[in-house]
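Engineer: If you want the building blocks of each chain, they are given just below.
2 protein chains.
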Amino acid sequence: MRIIDLIIKKKRGEVLSREEINFFIDGYVSGDIPDYQISSLLMAIYFQGMNKQETTDLTMAMVDSGDKVDLSAIKGIKVDKHSTGGVADTATLIVGPLVAAAGGLVAKMSGRGLGHTGGTLDKLESIPGLNISQSMERFAEIVNTCGVSVIGQTGNLVPADKKLYALRDVTGTVDNVSLIAGSIMSKKLASGSDKIVLDVKMGSGAFMKDVHGAVELARMMVDIGTLAGKETIALVTDMNQPLGNAVGNALEAIEAIEILAGKHEGDLKVVSCLLASKMLVLGGIFPTEEKAMAKINQVIENGEALKRFGQMIEMQDGDSEVVNNTDLLPSAEKIIEIKAEADGFIQAMNTEDMGMVALLLGAGRTKKTDIVDPAVGYWLKKRIGDSVKKGDILADFYVNDEKNLDESIELFKKSIIIGNNPGKKINLIYDTIS
Amino acid sequence: MRIIDLIIKKKRGEVLSREEINFFIDGYVSGDIPDYQISSLLMAIYFQGMNKQETTDLTMAMVDSGDKVDLSAIKGIKVDKHSTGGVADTATLIVGPLVAAAGGLVAKMSGRGLGHTGGTLDKLESIPGLNISQSMERFAEIVNTCGVSVIGQTGNLVPADKKLYALRDVTGTVDNVSLIAGSIMSKKLASGSDKIVLDVKMGSGAFMKDVHGAVELARMMVDIGTLAGKETIALVTDMNQPLGNAVGNALEAIEAIEILAGKHEGDLKVVSCLLASKMLVLGGIFPTEEKAMAKINQVIENGEALKRFGQMIEMQDGDSEVVNNTDLLPSAEKIIEIKAEADGFIQAMNTEDMGMVALLLGAGRTKKTDIVDPAVGYWLKKRIGDSVKKGDILADFYVNDEKNLDESIELFKKSIIIGNNPGKKINLIYDTIS
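Protein chains in written order, with my numbering: chain A, 6 to 439; chain B, 6 to 439.
Hints listed in this document are in silico derivations from the structure and should not be mistaken for laboratory results. There could be a bad hint or two in this list.
It does not matter which identical chain is meant; a pair holds if it fits inside one copy or across any two.
With a straight-line Cα cutoff of 30 Å, these simulated DSS-like cross-link-like pairs (lysine-lysine) come out [said to hold, decoys possible]: (1) K14 to K57; (2) K296 to K57; (3) K296 to K168; (4) K429 to K394; (5) K386 to K214; (6) K372 to K296; (7) K168 to K408; (8) K373 to K57; (9) K14 to K395; (10) K167 to K14.
Build out the structure end to end from the sequences listed, making use of the hints.
Structural biologist: Given below as structure tokens:
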């Protein structure tokens, strides 16, 4: 088999066989096939696409390129949850305790990655003392005890994805549905859970800017999971504005705690509860989403969900008192009110730029070695469709380093479109694919 | 400027500016931009194409990547001729002396390259003593004296093409009209002639298998030449069968000599005379092709064309007596007659495979270090449309090394399709683009 023949085959729009896909992934990871042939193949894949079977074969070849997590020490059906990413998406911190309190199991490993705002691990690490590096034995013990644990990835999971992603990033081949689906699903399938619930984001703050693309990606990932023998369902949800109100690591932890405590409503809570209910049904804990949702409401009201979060924090060496007193979380030196400059309605937001605002304040990282400031970010006071009067507070900025403050305020104001009418109403949930 | 932005721009089907094209060619040649980004860009170019201006900018950027030949020591309008390649295309050996004898100037530099059969330089080198390595001073002196010289390329011409072609060859990005046109025209523009006549081949023995593609390539090259300020015209001619009857280096030299001597007719002569007449008009020697053609016929009849060839051979240190006695050229040990196995008509030929037959006999090279046997090859006795009877000689094989003889005979017989009717008539000249 020669890689040049596979490049030409894909260039012509033909279908690659499992053997051919294994050949190219194995050869690339081993170093036998050079970057310049793989980048050419990736660009051909971008233009010609891959069908469901090819994408599944690609995903499995990537899974097989490295270690696989063994979660058999955790007794019961483990349901993983994954979001394709966006701004103020703190759902994991809420969903984990909800599912655990309602009787399910969440044994989640997160990657670190880059982002405008921190990832789940950064949000957790804003909690004093919390350690996301746990041994596999301790991880199993935590989940077996309190039903939920979220830790950093260990082992050499999916090296093919690391190498391919690094190449895609510099060769303009990131935005292909099969390559995105393969990248996400290979990591999900390697990390040992039994079933998977996906939250595919769509909108100005998501990778997928339209419903069509998001549904296509969701369907591809559900198909891969199914073909790989792991039941998978996907929600397609909105990312045309930040999902929660808090943007920034400790702020997002606070919002998660407030939701678990029953003190805060909004889109983030709605999406988190829906994801939790799907996970509970998939995990066999409840026969219907209605029954699962009733239980979820109960564990919020009776404080069980918040207690589970505290328990997980404590077992991961953190200060569990934060669930009762969020003042224990890092706080910024200054709070600056950002006010509306005109009357009108919030018509739209450039959510990607709103993520960039948090990055400018120090909440995210552009390279792996950047240090995240857990305290900084902003708390959004208005959402799309809200009416505003000149002088109304749009957001509170939590600031330590003022270096990029002016730039961040300017970008924030530019990102929020205020018009004379309420604008187009946007959905929160677009589709469910199972 | 970042190469990743150029990749994404071209991937989206946008037009690259001259500055952007210079950036990518300069960066690639200098080693600042790695192979894996260029191969990705090349694949994007394959799918999205390049317009006339982009292709010209690419060509000029490649020309500027290395040395340029200065032919100013040769007084008069130098017209270059280039064929995109095929089997039994000995036109250069005929066209050069014809144009010179009719009053024009041909100062041609050939590259070596790989091929089923040898290139122009190999055909010339089959003439005892002939030296294709001449200094630029001597080259000018030869052209100034006898009107024609063909030598090997000197200097570091178009290093960008060498590097790009090597990458295209292993990344499935050879077959794009802009990349092909840029590769050919950059070498033509760097090698110093004032005007260019192109012979774009079409058919089973050519890179372009259909008229549409060949015309597109021809038009693109004519446009590049024109935009670069060098008048260029192109013929699109047939390569559905070997152009001449001789396939192999000394055999092709013999056929060229016989045509120049007026002793041999056929497609090769027709195409060569047409090319020569175009070159003479382009060079300003004759106002019309009719007048040029009359002169061409005259210089064949009166022996002037053959004499010029002998003069060039002598000035390049070769045995000019070969033009009067082709027995002085290398001859093979054995001549084997290949006979038809059935009655019928020659309907079609797989010309690419017929080139491979000559390669198997030792007439060509698959890697640069291969040594070509000048004596071997075959002389085709039938052409498409001819009727054959079982036992008729299809070709005489000229053989030294019998190692691949059986394989070559088998491939030859498979390459000639004999049917019950004469089949579709094929054209010799498809189009002229100016």
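Engineer: Check K429 against K394 for me: Cα-Cα at most 30 Å, and say if that holds within a copy, between copies, both or neither.
Structural biologist: within (19 Å within a copy, 81 Å between copies)
Engineer: Up to 30 Å between alpha-carbons, please classify K168 paired with K408: within, between, both or neither.
Structural biologist: neither (35 Å within a copy, 46 Å between copies)
Engineer: When no copy is named, should K372 and K296 be tagged within, between, both, or neither for a Cα gap of at most 30 Å?
Structural biologist: neither (44 Å within a copy, 72 Å between copies)
Engineer: Regarding K373 and K57, is the shortest C-alpha distance of 30 Å or less found within a copy, between copies, in both, or in neither?
Structural biologist: Neither. Shortest intra-copy (33 Å) and inter-copy (43 Å) distances fail the 30 Å Cα cut-off.
Engineer: Is it within a copy, between copies, both, or neither that the alpha carbon of K386 lies no farther than 30 Å from that of K214?
Structural biologist: Within one copy only: 24 Å inside a chain, 65 Å across chains, cut-off 30 Å.
Engineer: For K167 vs K14, is the C-alpha pair at or below 30 Å within one copy, between two copies, both, or neither?
Structural biologist: both (25 Å within a copy, 25 Å between copies)
Engineer: Check K14 against K57 for me: Cα-Cα at most 30 Å, and say if that holds within a copy, between copies, both or neither.
Structural biologist: both (17 Å within a copy, 28 Å between copies)
Engineer: Pop the pair K14 and K395 into one bin, within, between, both or neither, using alpha-carbon distances up to 30 Å.
Structural biologist: Neither way: K14 and K395 sit 60 Å apart in one copy and 41 Å across, limit 30 Å.
Engineer: Taking 30 Å as the upper bound on the Cα-Cα distance, should K296 and K168 be classified as within, between, both, or neither?
Structural biologist: For K296 and K168, the Cα distance exceeds 30 Å both inside one copy (44 Å) and across copies (66 Å).
Engineer: Is it within, between, both or neither when you check K296 against K57 at 30 Å Cα-Cα?
Structural biologist: This pair counts as neither: shortest intra-copy Cα distance 34 Å, inter-copy 65 Å.
Going through the hint list in order, the structure does not satisfy hints 2, 3, 6, 7, 8 and 9.
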